[in-house]
Amino acid sequence: MLMLRQRGERFGKIAVPAVGIGIVFHLVSLVETASLHGYSELLTIRQAESALALIIALIFTVLYVRYRTASPAALIFPLIFLLTFASALSQQRTTIAQSPIYGGWIFFHVCTLIFGYAMLFLSFVSSLLYLLLSRQLKRKQPSSWTSRMPALQEIDELGYKALLLGFPFMTIGLLAGSVVAEERFGASFVADPKVLLSLLMWAIYLLLLYTRWSAGWRGKKAAYLASIGFVLAVCAWGANYLSKLHRFIAP
Amino acid sequence: MNFSVLGVNHKTAPVEVRERFAIPESRLPEALGKLTSMEGVEEGMIVSTCNRVEIFARSKDGECDLQRFVREFFGFSEGEYEPYIFQHESLDAVKHVFRVASSLDSMVVGESQILGQVKEAYATARALGTVNSQLDQLLTRAFAVAKKVRNETTIASSSVSIASVAVELAEKIFGSLTGKSVSLVGAGKMCELAARHLIAHGAKKIFVGNRTFDRAVSLAEKFDGEAIPFERLYDTVPWADIIISSTGAPHAIFRKEHGEKFLQARKNRPMFFIDIAVPRDIDAGLNDLDGIFVYNIDDLQQVVQSHLGDRRKEAVRAESLVDEEVRKFEARAQTAEVVPTIVSLQQHLETLRQAELDRVRGRLGELTPEQELAVETLTKGIINKIMHTPITTLKSAARDPESTTVIDVVRKLFNLRPDPKQESTPEPVEAAAPAPARPPERAPAPEAEAPALVKQIQK
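Protein chains in written order, with our numbering: chain A, 17 to 267; chain B, 1234 to 1692.
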């Protein structure tokens, strides 16, 4: 199963169509995997990583169509690359231990979280772009980069909407995971590093939403907070390899 | 390509001279009529704007005295204003038209008005029938070139006035300005101008604060806005997204601590301060606050300058685009000159073929349809083979400035009259015996023979 993601070396005329082609191949590959091994295949870590990459690439395309800007590419493409790369490298077909009772729950847990991660990543990217653009505007030196960017307020709204959309998915996904874990491991599951990191991340996003809603935090403060949230999200994702009970177990 | 252009523009003549040349719209038909009735002039068009008055013409043989037209139409004496007048002929005229339409000849390079003005002049001339063939093609081409220049360079994409830069920056911050509110602090002319620009781009609510309340009221009325007493200024400013300040106050009206309060009241939504007062109304420290953007008159001027610089850089690219288009136009015009010769050559040979066929038909006797077809194919095939190299040579000669020599030689060799429809005298040609017909569309004669033939023809 090869990941046929084509990536343009230079941003420009070839990069965007290349992303389009990449998405199509990627989708075909995911659907084929699912039809070969059933939907449970999505529960392997490599497929989850790959699905996340696909969603992020799709978001990029939507942004490109809507705002005619490829500037998020600088932040988005490396992540897509890392995700597909990691997914393509991992050899073992590990998956969460299946049992008929939890199967549906876990599938739900994985799907909502993948979507949640994608949205929160988008919100993180927008807050960085907001910061960069507002710095540029304050320095009062117009560049071709600024002229190609969407307006500051549009970036801001985009990030906020992504946050609003991503947060419920993240919450529901984490809840679903907790329910299953509670059933299987009892209350002690909270002590797991993965679970702790996830909860911390969730709290940061809650804080981000709250400060935005109550005080309208934007720009620097929001960007710092979002960066912390992003780092935690990466850690939580990475903690799959550390966690004892959230390990993807070979079937 | 007997195009000429004569005129005055902002580069060659001061306004006192230009206004003497100006032709109001009402007198345009008269001027065009006079121009095209002049000896030698086939087509004509006149562009008259505040920066330029230009007279375009196409003459029959490259001889037309546009100077005389100017003298007669405006009643100038011989030599009067001569130093201010420029004149271009043939390819230079083509290039000039392309440059004017693409706004490379404008005072503010890249401004879009000129294209509209040229189009208008073209429409008038067309309606009057003074532009109908080659000049029409030239203008149509010029509009296409202008479009290409706009699309392929960024010559016209940035703002180059203070007010439009302010609008551009506001749009960079807020996206669409629809429904945004604006606060004017001070009721000066510049304030009014900037506000007008913002409103034209969709800004809605306008607050006017001024030390003299009456002036605030009268300015607010102009924009259908709201006058604010100066004491309440600090309470109302947070309502506005864009603040334009131009008071005569000797010290800053808005300081950092004000900015902090504004942001708190607005839940950190961004604010855009435009300070056009000297001395400045807004403390530079305000710009350090997250979400507040302050541009003073120098900052705006700096953006204008950098945009102008960009335009100048882009203009170099645009010029080379125009040069390329001029070359293409020239090549096309020359091909057009060669076409009648090719057509008459083809017709001449076809007549010969028919005549010879008719002559031998009696001797051939009854032919089956297959044989008939074979004879047709054979004779046509021979003609096509013979014609191939001369036609290729003629076509490639069209790209050569000395093409007329080749055209003349071909005409002389085949005794072609200037009128392509003219019948030429058939000459006796050895009748080919009906040999087994070969496939007619064989590969044409090798290209390598062409240069040799060109040399022969040129000798």
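The set of hints was computed from the structure by calculation and includes no laboratory data.
One should not assume that every hint holds.
Sample of chain A residues facing chain B (criterion: CB under 10 Å; computed from the structure) [to be verified]: (1) L153; (2) K154; (3) P158; (4) Q169; (5) K177; (6) L191; (7) V195; (8) L216; (9) W233; (10) R234.
No more than 30 Å apart at the CA atoms, straight line, and that leaves these computed lysine-lysine pairs for DSSO-like [stated by the list, open to error]: (11) A:K177 / B:K1561; (12) B:K1500 / A:K237; (13) A:K154 / B:K1380; (14) B:K1381 / B:K1438; (15) A:K236 / B:K1561.
Part of the chain B face toward chain A, derived, beta carbon under 7 Å [said to hold, decoys possible]: (16) E1313; (17) Y1317; (18) K1405; (19) D1523.
Even for Gly, the Cβ is constructed at its ideal location relative to N, Cα and C.
Going through the hints against the structure:
1. The criterion of a C-beta within 10 Å of any C-beta in chain B is met by L153 of chain A, whose closest approach is roughly 5 Å, and the hint holds.
2. Against a cut-off of 10 Å between C-beta atoms, the interface hint on K154 of chain A holds, since the closest Cβ of chain B lies about 6 Å away.
3. Hint status for P158 of chain A: holds, given a least beta-carbon distance of 6 Å to chain B, under 10 Å.
4. Among the interface hints, the one on Q169 of chain A holds; its C-beta lies about 5 Å from the nearest C-beta in chain B, closer than the 10 Å criterion.
5. Nearest Cβ of chain B to the Cβ of K177 of chain A: about 14 Å, over the 10 Å cut. The hint is violated.
6. Residue-level restraint check for L191 of chain A is violated (minimum Cβ-Cβ distance to chain B is 30 Å; threshold 10 Å).
7. Taken as an interface hint, V195 of chain A does not check out: its beta carbon lies about 37 Å from the nearest beta carbon of chain B, beyond 10 Å.
8. Interface hint at L216 of chain A: violated, since its Cβ lies 25 Å from the closest Cβ of chain B, which is beyond the 10 Å cut-off.
9. About 6 Å separates the beta-carbon of W233 of chain A from the nearest beta-carbon of chain B, less than 10 Å, and the hint is met.
10. Below 10 Å, beta-carbon pairs count as interface contacts, and R234 of chain A has one with chain B at about 5 Å; its hint therefore holds.
11. The suggested pairing of K177 of chain A with K1561 of chain B is violated, with an alpha-carbon distance near 52 Å, which exceeds 30 Å.
12. The straight-line distance between the Cα atoms of K1500 of chain B and K237 of chain A is roughly 13 Å, inside the 30 Å bound, and the hint therefore holds.
13. For the hint pairing K154 of chain A with K1380 of chain B, the CA-to-CA distance comes to about 34 Å; that exceeds 30 Å, so the pair is violated.
14. The straight-line distance between the Cα atoms of K1381 of chain B and K1438 of chain B is roughly 39 Å, outside the 30 Å bound, and the hint therefore fails.
15. Distance hint between K236 of chain A and K1561 of chain B is unfulfilled; the C-alpha atoms sit about 54 Å from each other, more than 30 Å.
16. Interface restraint check: E1313 of chain B against chain A, minimum CB-CB distance 47 Å, threshold 7 Å, status violated.
17. Among the interface hints, the one on Y1317 of chain B is violated; its C-beta lies about 38 Å from the nearest C-beta in chain A, farther than the 7 Å criterion.
18. Satisfaction of the interface hint for K1405 of chain B is found here, the shortest Cβ-Cβ separation to chain A being roughly 6 Å, below the 7 Å cut-off.
19. A distance limit of 7 Å between C-beta atoms decides the matter here; for D1523 of chain B the minimum to chain A is near 4 Å, and the interface restraint holds.
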